[in-house]
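**Student:** If you read the protein sequences in the order shown, they are chains A and B. Just so we're aligned, residue 1 is where the first sequence starts under this note's numbering, counting upward by one. Just so we're aligned, residue 289 is where the second sequence starts under this note's numbering, counting upward by one.
Read the hints as simulated data drawn from the structure, not as lab findings. Keep in mind it's a predicted model, so treat the numbers as computed, not measured. All C-beta atoms, glycine included, are put in the ideal place defined by N, C-alpha and C. Treat the hints loosely; a few may be bogus.
Interface residues of chain A toward chain B, partial, derived using beta-carbon atoms under 8 Å [what the hints assert, rightly or not]:
#1 I37
#2 T87
#3 L92
#4 L97
#5 F100
#6 G101
#7 N108
#8 L111
#9 I264
#10 H268
Here chain A is said to cover these stretches of chain B; the calculated rule only asks that three of the stretch's residues, wherever they fall, bring their Cβ under 8 Å from a Cβ of chain A [what the hints assert, rightly or not]:
#11 393–403
#12 406–413
#13 573–579
#14 582–588
#15 592–604
Residues per chain are reported as follows:
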Amino acid sequence: MTDWLNILIQGALLGGLYALFAVGLSLSFGIMRLVNIAHGDLIVLAAYVALVVINATGLYSIATLLVVVPAMFALGYALQRWLLNYTLSGGLLPPLLVSFGISVIIENLLLQIFGASTYRLQAGAIETQSFALGGIYIGAYPLLVFATAFAAIAALQVLFYRTGLGRAFRATSDDADTAELMGIDNRHLYAVAMAIAMIFTAVAGVLMAIRETFDPAAGPIRLIFAFEAVIIGGLGSLWGTLLGGMVLGVAQAVGGALSPTWEILAGHLAFLVVLLLRPSGLFPHTRD
Amino acid sequence: MALKVERSTPESRGFAVFLVLALAALAALPYYAGPGAMRLVAEMAYYLALAQLWNLLAGYAGLVSVGQQAFVGLGGYSLYYLTSEFNVHPLVALMLAGPIAAAISLPMAFAVFRLRGAYFAVGTWVLAEIFALAISLVERLGAGSGMSLTPAIVRQIAPDRAGRELAVYWIALAIVVIVFAAAYLLLRSRHGLALTAIRDSEPASESLGVDTFRTKLMVYVVTAGCTGCVGAFIFLQKLRISPEAGFSVNDWTVVVIFMVVIGGIGTLEGPIVGMLVYFGLRETLAQYGTWYLILLGMAAVAIMLLAQDGLWGLVVRRFNLHLFPVRRHLAR
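Working from the sequences, and respecting the hints, build out all of it.
**Tutor:** Laid out in structure tokens, this is it:
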């Protein structure tokens, strides 16, 4: 019994990482109606930036966020402002295929520069520490990741509903043309939104790189996990994204406990079941 | 002066003659070129077929799938399963793989058609992943390590190696001709008019009475079946299949999307141009690793930003050239 409880808790905590994967995707969809196919590759790119920083300076892995976050923030702004913005007026195909092209470019550039070998970042003692509560063990690092995801979503919630920038985001999301008439510079606003999304992508990338190995081809499956968390949680709902990540994490943990080969498949099947029974997700918020 | 509605143009009639001559030259290739050239042309042929099928799906029906590798893999596995378990002749299995993939695509459509746009794209991809993972759990299908075609099965195609190479080569040509003929006839039919309308504006076509859901479903199922048949052929020729190779998103979808986007999405001619560009780049840059993929990615991004209808679109704009007469125009 406690075995299963442990598995459920591990899965739910893993869901925090998936929620971090998903927040950036959810944000760019919510504001720009843009589904960034390169999202998974940007997560992996953040992990490689951290790797380069560690190799160059010997900084502690989590502390590399001081460099990785600003770097990804700037990249996000530039990517949206000078590339993705030009795809938003021409229907469905351009944003999809441009971000798809970016995905392939990032993956193959990483392959050319770093080769196909796998890497993992070290975080020292915190990786193996755990607390015992009765018969239940909670790993310190998974708990940290989950707490980060929780804090990230709470911060976004405040940003959206308590600040002027959040009001501008919501206005543009509701009606981009009218928002522009009211004096909002959409092109700049979209770039800021993508830059903010990249903050979470950077955090997700570094935390992922400590938890599991990564290689240049590791992006697409992260995009899929992020996407599954968003759809399970319901489009446009930030807390729903966290819960969607947790459902995905629990499904994978339960599947993995039955047989390691079932881990990923169980997550995909949970996504499929939600899609068939509740196509708008468990906690729907906005329509597309 | 009497006006009449025509579809063919002098250029398209000339192109038809050229096409017949080119096909004859390609069909005769085994008599003047070696097995290396035959293999390359066969590869070009099945990639062209995959590209045209994806073009119908994404360019006309607006269904941007990143999961067509599901049908390549399912077609391949159907062939291996039918030949090894039921002793079906490989060429019969090749023809059965299409209907099997189409039948599987129907329930899949009910899941992914709930998603729109880019979410549809990723949803189809997840389904392909599900098939790859599920097949790697089935011992009967060789689990994660895959299956090989036994020599006994291979000999059913032709008793000796040269005969098999010849058969495989002509099947590749036949497949691409059939796919192009089917796409051409589809676009000239009633459904083609509906499809072209959906391509140009979905809401407008709906308001004029086009049943967009049924049209899209039909295209999804038909392209799934044809993709399954191409997949069966690909793995008939490769003699080995594994979940990783069969359901590879890079090999069967990414590359195909680049061909269509670079050549020109939403035209029958575009995939031909894109396929030639892809193979040209790959053959010249292959020794420099994956740079050709990076270049293709950049080309696709540039084309989507600057000239959405691709290289063929530039030709059409400059010369108003239409090689496949699918549109009507007034002639004297």
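**Student:** Are the hints correct? Go through all of them and say.
**Tutor:** Hint check:
The criterion of a C-beta within 8 Å of any C-beta in chain B is met by I37(A), whose closest approach is roughly 7 Å, and the hint holds. Satisfaction of the interface hint for T87(A) is found here, the shortest Cβ-Cβ separation to chain B being roughly 7 Å, below the 8 Å cut-off. The beta carbon of L92(A) is positioned within 8 Å of a beta carbon in chain B (closest approach about 5 Å), and the interface hint is therefore held. Because the beta carbon of L97(A) sits about 5 Å from the nearest beta carbon in chain B, less than 8 Å, this interface hint is met.
Annotation: interface hint on F100(A) holds; nearest CB of chain B at approximately 7 Å, less than 8 Å. Proximity of G101(A) to chain B holds as hinted, the smallest CB-CB distance being about 4 Å (cut-off 8 Å). Because the smallest distance between the Cβ of N108(A) and any Cβ of chain B comes to about 4 Å, under 8 Å, the interface hint for this residue holds. Annotation: L111(A) was flagged as interfacial toward chain B, and the flag holds, the nearest CB pair being 6 Å apart, inside 8 Å.
About 6 Å separates the beta-carbon of I264(A) from the nearest beta-carbon of chain B, less than 8 Å, and the hint is met. For the restraint placing H268(A) at the interface with chain B, the shortest Cβ-Cβ distance is roughly 5 Å, inside the 8 Å limit, so the hint holds. Given a C-beta distance limit of less than 8 Å, the hint that chain A covers the segment 393–403 of chain B holds, as 4 residues qualify and 3 suffice. Coverage of a stretch by a chain is defined here by at least three residues with a beta carbon nearer than 8 Å to that chain's beta carbons; for the segment 406–413 of chain B and chain A the count is 6, and the condition holds.
With a threshold of 8 Å between beta carbons, the proposed coverage of the segment 573–579 of chain B by chain A holds, since 3 of its residues qualify and at least three are required. With a cut-off of 8 Å between beta carbons, the segment 582–588 of chain B has 5 residues touching chain A; three or more are needed, and the interface restraint holds. For a cut-off of 8 Å, the count of residues in the segment 592–604 of chain B with a CB near a CB of chain A stands at 3, and the three-residue condition holds.
Checked against the numbered hints above, the structure violates none of them.
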